Every structure is written in C-alpha cells, then in structure tokens.
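Protein chains in written order, with our numbering: chain P, 482 to 869; chain W, 901 to 1123.
Since the hints were made in silico from the structure, they are not lab data.
You may find that some hints are simply not true.
Restraint-style ranges between C-beta atoms, simulated for each label pair [to be verified]:
| hint | chain 1 | residue 1 | chain 2 | residue 2 | range |
| --- | --- | --- | --- | --- | --- |
| 1 | P | Ile613 | W | Asp918 | 21 to 27 Å |
| 2 | W | Gly902 | P | Val666 | 38 to 44 Å |
| 3 | P | Asp824 | W | Asp1029 | 50 to 56 Å |
| 4 | W | Asp1000 | P | Arg625 | 56 to 62 Å |
| 5 | P | Gly484 | W | Pro1062 | 18 to 24 Å |
Please read all numbers here as calculations on a predicted model, not as lab measurements.
Every residue, glycine too, gets a C-beta built ideally from N, C-alpha and C.
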Amino acid sequence: MNGNTERMLREAVHELAGDPHQSPDFLAGVVRQGRRIRRRRRVGATAAMVVAVATIAAPYVWLRPDTEPPPSTVAGAPEESGSAEPTAEPTAALLPPPAEPSPVSSVGKDWQDRPLVLPGGWIALAVAQPVISASWVYDRAAGRYVNLGKEYQQVLPAPRGSLVAVQRTVGSNEIGLLDLTTREVRWTSAVGTILSPRWSPDGGQLLVTIFDKNPAGARFGILDPANSSFRQFPVSNRQICPEICRFSWLPNGREIALPQLAIAATPDDKTKRPHFQMEIFAVDGAEPVRVVPLPGNVSGTTAWSPNGRYVALQGVESAQLVDVGTGKSINRLPSADVTWIRDDWLLYLDSAGAKGPAAVLIDLKGTELQRLPLPREFIKAEVLVAPN
Amino acid sequence: MGRTSEEEFTRFVHERGDVLLRVAQALAGDRYAAEDLLQNALAKAYARWPRIRGDAEPYVRQILYHDQVSLWRRRGRRSEVTVAEVPERQAVAAGQLDHDTAVRMLLRDALRKLPPRQRAVLVLRYLEDQTVEQTAAMLGCRPGTVASQASRALAKLRDLVPEFAELAPGTDRRGTPGGDGTPGGGNRDDPATGGGSALLRQPELVGRRNDRTAATERTEVYG
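With the hints as constraints, model all of the structure from the sequences given.
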C-alpha cells in the first residue's frame, strides 16, 4: 500500500467514525443498564456467599506463610457502598488489643532522597505513577530512590537483591529484569499479553499472568532469573474471574492461586449459582491441586495475615476481614487491598481521599491507627512496600 | 455507587463520551449500533466504577473492541453492517465529486461491509494510530493475526472498490506480490499489516512509549 492509498484509507476510516454526539438521554440509559448489572451481580453473589461461608473451613496448613513477609502492593480505596452486607461477628473477645504505632515523619517534596517510612514501620519500595507516567524504585545500596522516568509503566523490585521486574507497557508481550546495579535489562517475551508480575516470597522466581484469546484462555508463567528459564502452564478450566484474572503466590511460596467466580450447583440447591473460590496450582503444574471456597475475592499474597488466622477479601458489597478457620466475617475493612504489617496491623493506600493520597494503618476492627499524607506523586499510584 | 462516584462517572461520560462514541461508530458502522455498543461498555464500567475509575477510558475501549468482535464470534457468522442508503456509486458516475472524494466515499461504505474483526483492526491502526503490537493486545490476538486480518481487509476493500486498487501502482486486484491475500502473512511495506514496523524487532531495541493498556486486565476472560 503506497502513501496515497494509505491516506485514502485513513480518511475513509475517519469519515466512518464521523463526529457523533451523545443523544440527550444517553447517560440515563447507561446508568439504568449499569445498575441492572450491579443488581444481578449482587443477587447472585450474595446467595453464593451464604454457601461459601458455611464451607470455608479450609485447613490453613496449606496456606501457611513464610515467617518473613514479602514486599507487597498496596493500592485502591474502598468501594463506596451503603448497602447491606452479612452481619459481622462481635469482635471484642476475638481480637488482640491494638498497640500504638510509632510516630512517622511527614513526607516532604524530597522524599526520594531517603527511605520513605510508612505507618507501621515498613518502607515504600517502589512507586509506579500511571497518571504522569513515572516510577521510582528504592535502591538499597544507595539508600535513596532511583527515578526510572517514563521508561516503564510497571516496576516491581524483588524482595531481595537488585533485580526489578519491568514492563514498558502494561499488557505488552514482554517482561524485563532490570538490574539496578548495572542498569541492564534482560527481556523475555511470550505469545500473549503479560500482566501482573509477582515475585515469589523469597524473590527467587517471578510469576506472570499471560492471556490468550485465540483460543481464549490464561496461563501462568514462571521466570527464573538464575537460569533465565521461562516455563508456561496453560490452565484448562473456564471459570470466570471475579475481578481481574490474576495469578498470585500463596504465602507459602510453593503454590499459586487464581481467584474465580465459579458457577456450579450448590449442595442444597439444584440451581446454578455463582460463588467465589480459589483454584490452587503447584508451582510446576497446570492442573489444579485443590479448590478453596471463599466468601469473596482475595487480592493477593499479602491479604493473608502472618499468623494465618485471617484473610482480607473483597465481599459483594465491601471489604471484609474473615476468620480462615470458621469462614466467618469478623469485620468490615476500608479496603481489601491491604498489606499485613503484623498480626494486628494492616496497611493500605487511600488514594481517593478528599485530602489527597495517604498511607493508612488500621487494626483488625478496621479502626484507623495512623494516617500519613503522601505527596501528589502517590495519587492513583501502585506502591510496593517492604519491611524496613 | 456513592454520590461522589456517580458524579465522577457522569463527568467521565460527559467529557469522554463523544470521543468513545466516535470509536464505536467506526467499529459498528452506524450511529444506532454505535450507541448500543457504547452503552453496553459504559454500563459495565459503571458497575465496576470504584475499581476502574483511574483507568476508565482504556477499560471502556477494551470492552468496545471485545464486544464488537465477540458479538460477531457468538453469532457464528460474518456480520456485515446493512446500510439504509445506497452507496454513492451513482453520484460518482455522474461526475459530481472529484475522484479522491468519490473513492473515499466508496471506501467508507466498503468498510461497513468488512467483518467486525477486520474493521476493528483498521480502526485501531488508522483511527487510533496504534501499532501492530498494541492492536494485538487490544484485540487479544497475536501480531501475526493482526497482519493477516489487515491483509484480508485490504484485499476485500480492493475487491469492493476497484478504484482503490488502481491507486496502488504496479498492483493487481489482489495487491502487491507476496503481501495481501496471504493468510497470516503481512506485507512488509504495508503499515496496516505491520510491514516495516516493529513486528519482527528485538525487544531490546524497542524504545517506544505507549499509552497504558491497563484495561487488558479484564474480567470474564474465561467467560
């Protein structure tokens, strides 16, 4: 195709697009349809939750975490909702008394020059800012943050060492390993869309989610920096993901979880109803080793408490703290996208607050213990945190 | 959804609705189908607004393309848009328009006759100026599939509009040798099919900076 035909085709496509404007009642129609979708989801998932809560008692021994927590992302503000949620259990007798967190310094404009200590004592390890296309990674050797500029949309430092998983474009078909000491990048590509890189708790392997549409399906890939191997495991089932199809490590570092919204007949009802579950895979196999029912969607590795007793998850209407042993909801939480700092403290990033972004430390009741206002670079940013 | 979220969503539709409607119209081929397509996409965005508010536009675009292509797939046949008006071939014959304008109008109508997936490829490449890789990511297919779909689209356009084929010097009705009409093979000189672009480049040599395609993290991928 020469320049003339390309120009002609381009103009024709633009003409086909035209210059349309919304009709006056367009927005009202959108909102009506959107509300119908929300109602359908709530009705289906609420019915399923009753069943899932009764059967959750998943032995936690399978999910026991390592003693040292991995770096973890904190992001996302709570969903605004005033609608009903399953009644939370009284908590006073169950929960340990909260201790006072140490005071943290306010964050100045020169925050990149030293480790940014968050409420609870952990530090920000990386900040990826999609709005202004910028990212910073904490260089342990230099004791300050390295500005990676606009080069990468995705940055994920390993829990140990100098490697950072990077993507120039979220959803591209390649993933890079940037060595902070040499600034060299080793790229690995796959057929399909690579998303959601996650380091294993020991930092030895990188897990990625890979999507295909022809035929539709998902795989998980394990990238081993030590020998540059990239193994991929297609997943055969065709359940629906509750929010984002995203594989994540279980805290034990040996298994991988895929949250799902399964549609199957419940034991006491012939009708098909959706319910949340997690399909668990061994790190070296595409066939699931078991399925764990849950009363909501677990955001990732760090949603499990260090002592294995609780898990934070996104229920139908709100974030919930759930007792793993009983499957009962203990409390509502302001966010399900949390990082457990210790057995009674959780950290989340409130990026939609009226006073700007903030790192917020809460206890098991969801009570705010400490709030640290953050600079504007943290607005809608994905922040990776790690022990100091 | 809380009042703040409702207000944010309303503002988003007011600010970006017309731009998205333009894409939908190019995809769907006519105004009414475009509004249906966009309404479905925005309704899904509304239902998930608290979680996607920061990346709403890529999310909606992804749904637009996905719905357009998957609707076609579910129907199990190539759906070609029917148009109420007779194509402007009579006007061309009457010499009422200059040659380029006439060809462009014929092309516009021919675009409506393409299968949705092929049309989606051309919309992404020529309306949204996306690279082959970005187009593949948006449509959830391989870059090679984008190239072959574009190649078939161009071949069909040349069939439907002979005047368009004649614009390319030294080509027959099937296009340049070794390029169009070869399933899975893109013409290396043809930007629509990825030739001369980054299709075969080494990742290490790529220095591009693309718009975020976070909406590729979609739900219902298995559905």
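ask   = Which numbered hints does this structure break?
value = When the structure is compared with the hints, none of them turns out to be violated.
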